[in-house]
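So the sequences go chain by chain: Y and D. According to my numbering, the residues represented by the first sequence are 1 to 214, in order. According to my numbering, the residues represented by the second sequence are 1 to 214, in order.
Think of the hints as simulated: they come from the structure by calculation, not from any bench. Model, not experiment: these values are computed from the prediction. Hints are not guaranteed to be accurate.
One copy or any two copies: either way a pair holds, since identical chains are not told apart in the list.
[Unchecked claim] Below, computed lysine to aspartate or glutamate pairings styled on EDC-like, alpha-carbon distance capped at 16 Å:
id : residue 1 : residue 2
1  : 28        : 78
2  : 133       : 121
3  : 25        : 166
4  : 26        : 159
5  : 167       : 139
6  : 142       : 121
7  : 79        : 49
8  : 209       : 84
9  : 209       : 78
10 : 39        : 84
11 : 31        : 139
The primary structure of each chain is shown beneath.
Number of protein chains: 2
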Amino acid sequence: MGRKKIRKIPQETIRRMALYLRSLKKLKEQKFQIISSNKITAYLNVSPDQFRKDLSYFGPVGKPGVGYRVNNLIHHLEKILGIDRECRIILVGVGKLGSALLGYPGFLNFNFTIVAAFDSDKEKIGKIIGHVKIYDVSEMAKIVPRLGVQLAILTVPAENAQQVAEKLVSCGIRGILNFAPVNLNLSQTIRVLNVDMATELMTLTYFAKKILAG
Amino acid sequence: MGRKKIRKIPQETIRRMALYLRSLKKLKEQKFQIISSNKITAYLNVSPDQFRKDLSYFGPVGKPGVGYRVNNLIHHLEKILGIDRECRIILVGVGKLGSALLGYPGFLNFNFTIVAAFDSDKEKIGKIIGHVKIYDVSEMAKIVPRLGVQLAILTVPAENAQQVAEKLVSCGIRGILNFAPVNLNLSQTIRVLNVDMATELMTLTYFAKKILAG
Numbered sequence: 001m002g003r004k005k006i007r008k009i010p011q012e013t014i015r016r017m018a019l020y021l022r023s024l025k026k027l028k029e030q031k032f033q034i035i036s037s038n039k040i041t042a043y044l045n046v047s048p049d050q051f052r053k054d055l056s057y058f059g060p061v062g063k064p065g066v067g068y069r070v071n072n073l074i075h076h077l078e079k080i081l082g083i084d085r086e087c088r089i090i091l092v093g094v095g096k097l098g099s100a101l102l103g104y105p106g107f108l109n110f111n112f113t114i115v116a117a118f119d120s121d122k123e124k125i126g127k128i129i130g131h132v133k134i135y136d137v138s139e140m141a142k143i144v145p146r147l148g149v150q151l152a153i154l155t156v157p158a159e160n161a162q163q164v165a166e167k168l169v170s171c172g173i174r175g176i177l178n179f180a181p182v183n184l185n186l187s188q189t190i191r192v193l194n195v196d197m198a199t200e201l202m203t204l205t206y207f208a209k210k211i212l213a214g
Numbered sequence: 001m002g003r004k005k006i007r008k009i010p011q012e013t014i015r016r017m018a019l020y021l022r023s024l025k026k027l028k029e030q031k032f033q034i035i036s037s038n039k040i041t042a043y044l045n046v047s048p049d050q051f052r053k054d055l056s057y058f059g060p061v062g063k064p065g066v067g068y069r070v071n072n073l074i075h076h077l078e079k080i081l082g083i084d085r086e087c088r089i090i091l092v093g094v095g096k097l098g099s100a101l102l103g104y105p106g107f108l109n110f111n112f113t114i115v116a117a118f119d120s121d122k123e124k125i126g127k128i129i130g131h132v133k134i135y136d137v138s139e140m141a142k143i144v145p146r147l148g149v150q151l152a153i154l155t156v157p158a159e160n161a162q163q164v165a166e167k168l169v170s171c172g173i174r175g176i177l178n179f180a181p182v183n184l185n186l187s188q189t190i191r192v193l194n195v196d197m198a199t200e201l202m203t204l205t206y207f208a209k210k211i212l213a214g
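For reference, chain Y alone in the conformation it holds in the complex (with noise of 0.2 Å):
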């Protein structure tokens, strides 16, 4: 309503975008150069097809019957993700979970880097987690628009989530991966993902009920 599409890109296709792009980069660490559809989604529960289809989004790659180069087929997908230079994040929220991602291994290979961490705990703050040092929340607006950065991280409590992503908007933020088990309102300018593992095992329990059920 009012804002204009200009192509409508679904947002499972370029989850699953995600999931090509570390699918090649195993199959890179084991040595693999040229390499088929059916190879990269082997292990996704996603069939060949549906890959192609995805990849058909953003234009042709790779030759039908060769199969694709895994270092072209690798930078294609960095580039479509964005992600083919270094992007920097802060994460806002410095909890069990918050220090859980400030040390999880799994960003290194995506060229993520945490920049700063903020929380209001006098006791953290000048701490040093995961190569990640914690400032005071308070500091934000002077700190986050000096590091340049778009993209935060919120692992605060449900009922502090709304204000800090506000404040967070204010600073410069334009996405945010949101942990906190709320729905936040903010401009519809702001991209917001919100990964709620409470969402996350619904649907694990719906498909599994499918496949006991017949």
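Starting from the known structure of chain Y, fit chain D onto it as the hints suggest.
Below, chain D without anything else, positioned relative to chain Y:
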């Protein structure tokens, strides 16, 4: 291939069903009794049309122009998702992320109960985190069948994930919420849902970039 699909409901639809449910529970807390699709989807980045389309997969519910009864719709969604009864789950791997999930308050609202946790670290075995007791992973084959649990959260390091997942399956687990950044290679009858922080971040980066670009 070989497996017949009765009706293909997109995973994103199911994920949104879970979000609608969360939204409805919030509205119920706020004492709403009858509600429009606009209100339900207000903070979800989902259009009312999408909401109605998602619901329509599961047969008619509500009357056009009248709105939805909050209680009825909650019950309807819980039944669809399979969480109208208590869902018992186990968690394997009590590292930082696993510990965070044991204490995660977001599960309570949705009938999920983590009934046991497992780890191989002798220091952790016997301890209780967030009301959940930690058992020796070597006891899984004995304990899991007795608990009658079919869903597991997997938060072990990537290098152990495949082996532990196979063990879970042999204990009767049918659905795995996998936080380890690897693709599990299991029987097609086992449902695996991957929650990969890097994948989520890549998805966010893509969409945030879209917004920044115009």
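Cross-check of the supplied hints:
In the homo-oligomer, the alpha carbons of residue 28 and residue 78 lie at most 16 Å apart inside one protomer (14 Å), although the nearest pairing across protomers, at 43 Å, exceeds that limit. Taking CA atoms no more than 16 Å apart as the test, residue 133 paired with residue 121 passes inside one copy only; the shortest distance there is 13 Å, against 28 Å between copies. Taking identical chains as interchangeable, the C-alpha atoms of residue 25 and residue 166 are never at most 16 Å apart, the minima being 36 Å within one chain and 23 Å between chains. When the C-alpha separation of residue 26 and residue 159 is checked against a cutoff of 16 Å, the pair qualifies only between copies, where the shortest distance is 13 Å, while the shortest distance within a copy is 39 Å.
For a Cα distance limit of 16 Å, the shortest separation of residue 167 from residue 139 inside one copy, 11 Å, qualifies, whereas the shortest one across copies, 47 Å, does not. With identical chains, the CA atoms of residue 142 and residue 121 are never at most 16 Å apart, being 18 Å at best within one copy and 42 Å at best between copies. Taking the shortest Cα distances, residue 79 and residue 49 never come within 16 Å of each other, neither inside one copy (22 Å) nor across copies (32 Å). Taking CA atoms no more than 16 Å apart as the test, residue 209 paired with residue 84 passes between copies only; the shortest distance there is 12 Å, against 39 Å inside one copy.
For the identical chains of this complex, residue 209 and residue 78 are inter-copy neighbours only, at 13 Å across copies versus 35 Å inside a copy, given an alpha-carbon limit of 16 Å. Taking the shortest Cα distances, residue 39 and residue 84 never come within 16 Å of each other, neither inside one copy (23 Å) nor across copies (39 Å). Proximity of residue 31 and residue 139 under a CA criterion of 16 Å is satisfied in neither setting, with 46 Å inside one chain copy and 38 Å between copies.
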